[in-house]
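Modelling step: build the complete structure from the supplied sequences, incorporating the hints.
Number of protein chains: 2
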Amino acid sequence: MSDRTPMSSDKYSDDLGHDALLPHNTRRSLPIALLRAREAVMAHFRPMLARHDITEQQWRVIRILAEAGRVDASEMADKAFILAPSLTRIIRSLEERGLITKHKDADDGRRVLLEIAPEGMRVIADVSPESRAIYKQLETRYGRDRVEVLLDMLDELATLND
Amino acid sequence: MSDRTPMSSDKYSDDLGHDALLPHNTRRSLPIALLRAREAVMAHFRPMLARHDITEQQWRVIRILAEAGRVDASEMADKAFILAPSLTRIIRSLEERGLITKHKDADDGRRVLLEIAPEGMRVIADVSPESRAIYKQLETRYGRDRVEVLLDMLDELATLND
DNA sequence: CTCATATATTTAACATGTTAACAAGATTGC
DNA sequence: GCAATCTTGTTAACATGTTAAATATATGAG
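Residue numbers (the working numbering), protein chains in the order written: chain A, 1 to 162; chain B, 163 to 324.
Hints may be right or wrong, so weigh each one.
[As the list claims (entries may be wrong)] Here are the computed distance ranges between Cβ atoms for each label pair:
{"hint": "1", "chain 1": "B", "residue 1": "Gly260", "chain 2": "A", "residue 2": "Arg141", "range": "43 to 51 Å"}
{"hint": "2", "chain 1": "B", "residue 1": "Gly231", "chain 2": "A", "residue 2": "Met121", "range": "54 to 62 Å"}
{"hint": "3", "chain 1": "B", "residue 1": "Ala205", "chain 2": "A", "residue 2": "Pro47", "range": "40 to 48 Å"}
{"hint": "4", "chain 1": "A", "residue 1": "Asp107", "chain 2": "B", "residue 2": "Asp215", "range": "30 to 38 Å"}
{"hint": "5", "chain 1": "B", "residue 1": "Arg273", "chain 2": "A", "residue 2": "Ala133", "range": "35 to 43 Å"}
{"hint": "6", "chain 1": "B", "residue 1": "Ala287", "chain 2": "A", "residue 2": "Ala125", "range": "41 to 49 Å"}
[As the list claims (entries may be wrong)] Some chain A residues close to chain B (C-beta under 10 Å, calculated; not the full set):
{"hint": "7", "residue": "Leu30"}
{"hint": "8", "residue": "Arg60"}
{"hint": "9", "residue": "Ala106"}
{"hint": "10", "residue": "Leu138"}
{"hint": "11", "residue": "Leu150"}
Treat the hints as calculated values from the structure; they're not laboratory data. In this text the structure is predicted, and so the values were computed from the model without any measurement. All C-beta atoms, glycine included, are put in the ideal place defined by N, C-alpha and C.
Have a look at this one:
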């Protein structure tokens, strides 16, 4: 009787596992597995977004503005999971392209309020149906219930430190 | 009686789900969930890697060389999941720092063969025990069995297109 | 053998990630 | 009211991600 869990498969066994000087098997590491999974998912969306001439991050920003209305930069950084310096550049680019507008908060001069512009709404209307269709196809192929389970497991991993 | 799956929680319910013009709820999307989970995991490793003055990608490269011996650039790109242009820059940087060596393949002049240098082995010896310790702690906190389940689910997601 | 094609790597150009430092506007405590 | 401190956003500098194009070498058809 082995000490392996039922889910672990021998084809992934790590021959170097006994040598503490070497790292553990690259093929079964969470960081790379998460990266690969994310890349596989984004591969479905990226060509479509490229046809509409927006990046993944730009899409996240205008999509959140369409969902939530007016939000400040910090809130956007939280929701879109984009670091402040990146967000500064993305906001500049989106504003130059006329997809969003930017105002100073009257109550707090440090804050920058963001709002979607009509041109941005047009992009939302164009991209959203395609995006939903791609996501639904993905859900169907992977299994709708399993997507939910996976989302729960990922959320728990992301909030381990809270 | 609702049509929700048992795993989905009401706090994530999407009020915009009926409007096809709007994207679906940002909080339950796979791309962002994968990003958040990956960031949470890397947050455990990054400070340690920074103390040793290497990036996550540089660590992946020398770690694979320590595991696999001599590999060419394409194989490295596959294993480390790094795009060719990024890999070119990372190789240049690692070679300049003396952590790896680079040779032309005698049989195929296009190929670049990579090998870890003694200085690189020193980094492996320094970083590896710390990396393993961090990973083990993570496994313990999340649950060793659940990590295996998660890895299997992520692998399936990553190979949906094959 | 040679031309066309395919493969491996690099370069270029731009977007984003990452950390540190900075600037400007709020808050707090005295 | 004001100096110390905190918070928000920006800038800087460097590393990586992403796509397209260029370069060099191999391979295959004829």
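* List in ascending order the numbers of the hints, as given earlier, that are violated by the structure. => Violated: hints 3, 4, 6, 9.
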